[in-house]
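Quick note, the sequences are listed as chains A, B, C and D, same order. Going by this note's numbering, the first sequence opens with residue 1, and the numbers climb by one from there. Going by this note's numbering, the second sequence opens with residue 1, and the numbers climb by one from there. Going by this note's numbering, the third sequence opens with residue 1, and the numbers climb by one from there. Going by this note's numbering, the fourth sequence opens with residue 1, and the numbers climb by one from there.
Among the clues, some could well be false.
With a cut-off of at most 35 Å between alpha-carbon atoms, the simulated DSBU-like pairs for lysine-lysine come out as follows [unchecked claim]: (1) K320/C - K356/C; (2) K312/C - K62/C; (3) K253/B - K356/C; (4) K253/B - K356/D; (5) K303/D - K253/A; (6) K62/D - K303/D; (7) K253/A - K253/B; (8) K320/C - K62/C; (9) K253/A - K356/C; (10) K361/C - K62/C; (11) K282/D - K62/D; (12) K361/D - K253/A; (13) K195/B - K356/D; (14) K356/C - K195/A; (15) K320/C - K361/C; (16) K361/C - K253/B; (17) K356/D - K312/D.
If we take Cβ atoms under 10 Å as the criterion, some of the chain A residues that face chain B in the derived model are [unchecked claim]: (18) G43; (19) I45; (20) R100; (21) E134; (22) A263; (23) L277; (24) L289.
Each pair of labels, with its calculated beta carbon distance range [unchecked claim]: (25) E50/B - E343/C: 48 to 54 Å; (26) A192/A - K253/B: 19 to 25 Å; (27) R84/C - E275/D: 45 to 51 Å; (28) M1/A - D154/C: 39 to 45 Å; (29) Y283/B - E369/D: 34 to 40 Å; (30) A359/C - E286/A: 58 to 64 Å.
What the hints contain is simulated information worked out from the structure, not anything from laboratory work. For each residue, glycine too, the CB sits at the ideal point set by N, CA and C.
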Amino acid sequence: MAELTMIEALNKALHEAMEADDRVLVLGEDVGVDGGIFRLTQGLIESFGEERVIDTPLAESAIAGMAIGLAIYGLRPVAEMQFSGFSYLAFNQLEAHAARMRWRSQGRFSAPMVVRMPYGAGVRALEHHSESREAYYAHTPGLKLVVPSGPRNARALLASAIEDPDPVIFFEPKALYRSFREEVPDDPESLALGKARVVREGSDITLIAYGAMLPRTIEAADSLASDGVEAEVIDLMTISPIDDATLEESVRKCGRAIIVHEAPGSFGPAGEIIARLVETSFYHLEAPLRRVTGFDIHVPYFAREQAYLPDADRIVAVARETLDARA
Amino acid sequence: MAELTMIEALNKALHEAMEADDRVLVLGEDVGVDGGIFRLTQGLIESFGEERVIDTPLAESAIAGMAIGLAIYGLRPVAEMQFSGFSYLAFNQLEAHAARMRWRSQGRFSAPMVVRMPYGAGVRALEHHSESREAYYAHTPGLKLVVPSGPRNARALLASAIEDPDPVIFFEPKALYRSFREEVPDDPESLALGKARVVREGSDITLIAYGAMLPRTIEAADSLASDGVEAEVIDLMTISPIDDATLEESVRKCGRAIIVHEAPGSFGPAGEIIARLVETSFYHLEAPLRRVTGFDIHVPYFAREQAYLPDADRIVAVARETLDARA
Amino acid sequence: MPRMTIKPNTQVDYLGILDEAGEIDEDRMPELDDEQLTGFYRAMLRARRFDERLLNLQRQGKLGTFAPVKGQEAAQIGSVAALRDSDWVVPSYRETAALLWRGTPMQGLFTLLAGYNEGGQIADTQNDLPQSIPVGTQPLHAMGIAHGIRYRADDAVVVSYFGDGATSQGDFHEAMNFASVFRSPVVFLCQNNQWAISVPRDRQTRSATLAQKALAYDMPGIQVDGNDVFAVYAATCEAVERARDGGGPTLIECVTYRLEVHTTADDPTRYRDEEEVEKWEKREPLLRLRRYLESLDLLDEEKIEALENDIKQEIEEAWKAASADMEQLTDPGVMFDHLFAQEPPRLTEQREALQKWDAAKQRRRDDEETQ
Amino acid sequence: MPRMTIKPNTQVDYLGILDEAGEIDEDRMPELDDEQLTGFYRAMLRARRFDERLLNLQRQGKLGTFAPVKGQEAAQIGSVAALRDSDWVVPSYRETAALLWRGTPMQGLFTLLAGYNEGGQIADTQNDLPQSIPVGTQPLHAMGIAHGIRYRADDAVVVSYFGDGATSQGDFHEAMNFASVFRSPVVFLCQNNQWAISVPRDRQTRSATLAQKALAYDMPGIQVDGNDVFAVYAATCEAVERARDGGGPTLIECVTYRLEVHTTADDPTRYRDEEEVEKWEKREPLLRLRRYLESLDLLDEEKIEALENDIKQEIEEAWKAASADMEQLTDPGVMFDHLFAQEPPRLTEQREALQKWDAAKQRRRDDEETQ
Ligand SMILES: Cc1ncc(C[n+]2csc(CCOP(=O)(O)OP(=O)(O)O)c2C)c(N)n1
Ligand SMILES: Cc1ncc(C[n+]2csc(CCOP(=O)(O)OP(=O)(O)O)c2C)c(N)n1
Ligand SMILES: [Mg+2]
Ligand SMILES: [Mg+2]
């Protein structure tokens, strides 16, 4: 057991997957010789050679399209988009082909590939380097969407994503890349896709979050706890498909819930979760479901990005309003 | 006053806009000599010449990017994506540039452009010709998203979209292109963006729809009426920004509501509307808000597309469940 | 340090072998035995007749929109014939001739064009991607598959089919560049049929040839008479061999013509003259091959009639089988199939909701009937 | 019908005028008066010093990530100097030298790089697009603006700046093709600085030159010594003139070198040798121009010192002004500005919610302090 950052944990997952299965290839801009601009793929080219760790020319659509071809051929490509903000150049390949290959060929071909991309604000980066547009992918039939929240689950989820027989979009919360360390078991570990986890038990209010918003949500829960409110915190981990059962159970228990994400609120993932909880658990609700999200704007340049991002303060404020709401 | 199809009404709007303002240019694949594959731009090149009605090479990203450049230069381009299913090739231009030009340049430049695209199923078309992914655009800050539902409002909304100082994505429900005629005033008419309209008044349940789902929703309302249920029907027309006030008022009155769209349900527009109504009108709700939407799949080939699409039957069935739900 | 002309690899060749009179350039003629020669003709005729039948069924409302192949049979058969069964074909939406050659059953094509996803099934033995519509976006998959082949040191090659319009698409450029950088065993086969719906070739791009687009990547590029099955075959054999030997990709521009509508939703009289079509009718690929084969005594009236009958029978049997089959394809639940290897719970719920609604609808109908 | 070589327009020239020793090719030397000559040097030095100051402030944590221009001053100044004020510049993110020449205030650049959107303001008199990051996607805007210019029969031209890596992007290809089809008055100015982050030029694309990518569009393409401000200037003048005269677009490849890190987040020792950098240091653009100007007696130690002092003062004043200004930029609500011409109600609500939260937070802080 070593204490790893998320970067190191993801690097470990890639090493393990490549070690275990020679179908696994890594491709993207600067993933090879440079070891990735975040050093996430460091050491891979030394261990597995440039036939398996491919520095591509600068073209996101081609990276996705090449991965689709590799996957059809029977390999297991792990493609990197350098930032999720550049993945829109590959959006057509992902929507029109990766998400449809199994269906279009009636099961003859498929596109078992992972498209990794750092997302989210908070690292004082430039424009297009701070987006959270997971909803684009979550709304696309035929894709799965995974967002880890810590080193250990990042490693285990990436392992599962690589093994998954279908295309998985893997959103990495770059704000957590190096923000804390966690014990990660030496032996391979995987975590089933499509399952949320209860991070903290409570019975007063459910706080639902994922990715880089999870630590802030836990911080809010701690703050609420110091005032005697027991919040249950759920980490979604897979955004599509959502683990309805876990959410439903918690919300039925607590009767109140808040969804937190840094993506713009309007037409963002929280709306979907609220709609589902209304559909399944309306009569258990004691207060309006609320969301704490990014604003409906582009992430401002870094001097103000923290003002853009939901923080524990805002989560607590909205939680209090929810708790104060008449049942 | 003439009775026009939606195709004719949109064609009229384009003629009028080009007549009134020499900044208005039309560009896209086959929009000129061919008059558009749906004949929507018919007659424009004859009236305004190939300098203003531009047959482009086959490249959606370039069409969007060219429109951005034209708009920055001070013109008012109306670009066509031949089908919304091909607009993902232009998605990066729209997200990274059209939606950001005013903001990035701190107001110095802007991208007043309209990107028209036929969307939706029901015309026995091929793969990629039946998509409804308005959520991608609605979730993108800096873009407006408009969806007309009939010849008259199509013409008036397109006029407003062309006049709008910001980029507008204009989704045309191709299933309604020629499905019915409507009186369209001879004189220019416009309709404010961002406003929904109450199509049918009622007090038992609110049915919210837009685009090609509106006629089916009205049909459902008629069917409910024959059983003594008075449904209020709202046509959103603008999906982003949503007209919250109109929705809120209706739902507070009726206490029950259903949202109908043909886009896949998960992470689709209905979730957003439900979330907003929960936030604003929770205590007025007498039953869970429900949605009747497309399934979370690709639109099947045309032999089964009607089975994919929400129809009056399904809307009525879900309305009945909502009406039967205990308050 | 004067201004000087630097010379990148800028040669672009043109190849033609079989002319409109049915005469060949002996020096360039690829080696083909009699069976192969008549096989080419049979395959082109088969595609032509199948295409005609599709058009006729479409006009009767029995099939949906499709893109006829008429006029491009030589470009497709000449190229696909250069492949082994184990090679890969990445089609767009107009490759009926090539796919028929590869073994795609007519029955499946009928079913697909009648709007049933089931028609898209592909035999396990056929390394052909499904037909695919977003123009210019599939060459990337061909390049990716080719890269996989290289990685596995497999000796297959990939042929990517696309049109003149597709060369304007960014994905085409990216595929050419990646393939050239990685020396992927792929042949980019452009069927320049002069039109992208209503946009003529010279409004699509200003370059004198499409083949010269290879120069941007220092990739071999060649323009061939695309209505000359031998020229296409020879150029493709050369490119396939180069690819198989590790020599990397090639761009082949087949100069041909779409003699029919773009798709059945199209009205070409809006944008092109009948004269142009007539001019190209004279250059069409079947006639010249027939003349050549007649000159060799490999074909005559009688043989052709036998061929025609064979093909007609095959088509009608396939249509009959497809029609019968489609009557069974009534389960709408099929639309949920093959989205994922394992269906997530929510999709299963939706599948069941659809069943429930349909059952209720059926009950109401039954009730109405009994009343 | 033999196999024959067809010859598209395949000439690609190379231009160099000022060599590393500071000597010029008289025949090719563009007409420039003394003021222009020293003006070039001043502009290049100004960009170099500003860049150094940015780096230094970034290392102190006062600025965020940015992309240094060091080594590319000739490519930028030589090209931008060929423009009129009324012409348009479409930059990427490394065009500091070109933008300074155009009049972008240092203060704004400081503010922008310190993370304030306000720093992105552009004077009404400056037809320069804001800096923009998605590689290879901006040439389309240049083409679109150029098309607008043609439509209005305006006589402006547009210069689009991008790197070697950008040529791999599909949007680049589409921009080249559209511009060539529409004969748009645009100059595609590629700064081939040999690296796209860690990817060297020859892994980016296999063609011998980037200039030859113009051949795919029958567009004039020229490769120039990008560290030679006269060659860049001469080639750009030629291209700009052609564009202004209705002759359409040109691709110019400036062969140059990024002497610094890719951005301040980059560590080039991971992928390139110090030797390579040293080799290019010798070819760097300022030194050779200085030598030439010294040979003309237009520059000497004293004049250079005066220049340096001037520039230093300008930079420090701008930084001081920016620092003072930034202290006022405390309103987070600014982030809602300029999203739309007219703010939709929901954005106003969000703006107000933010104010409310911030006020509450402030109250809590005040409470804690008074406790
Ligand atoms: C990305 C994309 N944009 C638009 C279309 C609509 N469309 C279908 S075929 C076609 C023209 C294609 O021309 P070309 O590449 O020459 O092929 P051809 O149809 O002539 O075989 C267009 C615009 C499409 N299918 N995909
Ligand atoms: C579309 C896109 N993909 C990836 C990136 C990340 N990135 C920034 S600069 C760069 C390399 C660009 O190389 P080049 O075009 O040669 O320009 P240079 O930085 O050398 O000036 C990359 C990959 C980006 N900004 N945009
Ligand atoms: Mg064509
Ligand atoms: Mg570079």
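Status of each hint after checking the structure:
Pair hint K320/C plus K356/C holds up; C-alpha atoms about 33 Å apart against a cutoff of 35 Å. Taking the CA atoms of K312/C and K62/C, the gap is about 18 Å. The hint holds against a cut of 35 Å. Restraint check for K253/B and K356/C: the C-alpha separation of about 31 Å stays at or below 35 Å, so the hint holds. The hinted pair formed by K253/B and K356/D meets the criterion: a straight-line CA distance of about 30 Å does not exceed 35 Å.
Taking the CA atoms of K303/D and K253/A, the gap is near 79 Å; set against the 35 Å cutoff, the hint is violated. Restraint check for K62/D and K303/D: satisfied, since their Cα atoms lie roughly 32 Å apart, inside the 35 Å limit. With a CA separation close to 30 Å, the supplied pair K253/A and K253/B stays within the 35 Å bound. Proximity of K320/C to K62/C is assessed by CA-CA distance (about 13 Å); at most 35 Å being required, the pair is judged to hold.
A C-alpha spacing of about 30 Å is found between K253/A and K356/C, which places the hinted pair at or below 35 Å, so the restraint holds. Taking the CA atoms of K361/C and K62/C, the gap is near 26 Å; set against the 35 Å cutoff, the hint holds. Our distance criterion of 35 Å between C-alpha atoms is met by K282/D and K62/D, whose separation comes to about 32 Å. Distance restraint check for K361/D and K253/A: the Cα-Cα separation of roughly 31 Å lies within the 35 Å cut-off, and the hinted pair is therefore satisfied.
Annotation: proposed proximity of K195/B to K356/D holds, straight-line Cα distance about 28 Å (limit 35 Å). The hinted pair formed by K356/C and K195/A meets the criterion: a straight-line CA distance of about 28 Å does not exceed 35 Å. A C-alpha spacing of about 31 Å is found between K320/C and K361/C, which places the hinted pair at or below 35 Å, so the restraint holds. At roughly 31 Å between alpha-carbon atoms, K361/C and K253/B fall within 35 Å of each other, so this suggested pair holds.
At most 35 Å may separate the alpha-carbon atoms for a hinted pair to count; K356/D and K312/D exceed this at roughly 44 Å. At a threshold of 10 Å, the smallest CB-CB gap from G43/A to chain B is about 31 Å, leaving the interface hint violated. The criterion of a C-beta within 10 Å of any C-beta in chain B is not met by I45/A, whose closest approach is roughly 28 Å, and the hint is violated. Of the supplied interface hints, the one on R100/A holds, with its beta-carbon coming within about 6 Å of a beta-carbon of chain B, less than 10 Å.
About 9 Å separates the beta-carbon of E134/A from the nearest beta-carbon of chain B, less than 10 Å, and the hint is met. With 10 Å as the threshold, the beta carbon of A263/A comes within range of chain B, its nearest partner Cβ sitting at about 8 Å, so the hint holds. Look at L277/A: its Cβ gets to within about 9 Å of chain B, closer than 10 Å, so that hint holds up. Because the smallest distance between the Cβ of L289/A and any Cβ of chain B comes to about 5 Å, under 10 Å, the interface hint for this residue holds.
Between E50/B and E343/C the Cβ separation comes to about 51 Å, which falls inside the hinted range of 48 to 54 Å. Between A192/A and K253/B the CB atoms are about 45 Å apart, so this pair departs from the stated range of 19 to 25 Å. Checked against the given bound of 45 to 51 Å, the beta carbons of R84/C and E275/D, roughly 48 Å apart, stay inside it. At roughly 41 Å, the beta-carbon separation of M1/A and D154/C lies within the given 39 to 45 Å, and the hint holds.
Under the hint 34 to 40 Å, the C-beta atoms of Y283/B and E369/D, about 38 Å apart, fit the expected range. For the pair A359/C and E286/A, the beta carbons lie near 36 Å from each other, so the given range of 58 to 64 Å is not met.
Of the hints listed earlier, those the structure fails to meet are numbers 5, 17, 18, 19, 26, 30, in rising order.
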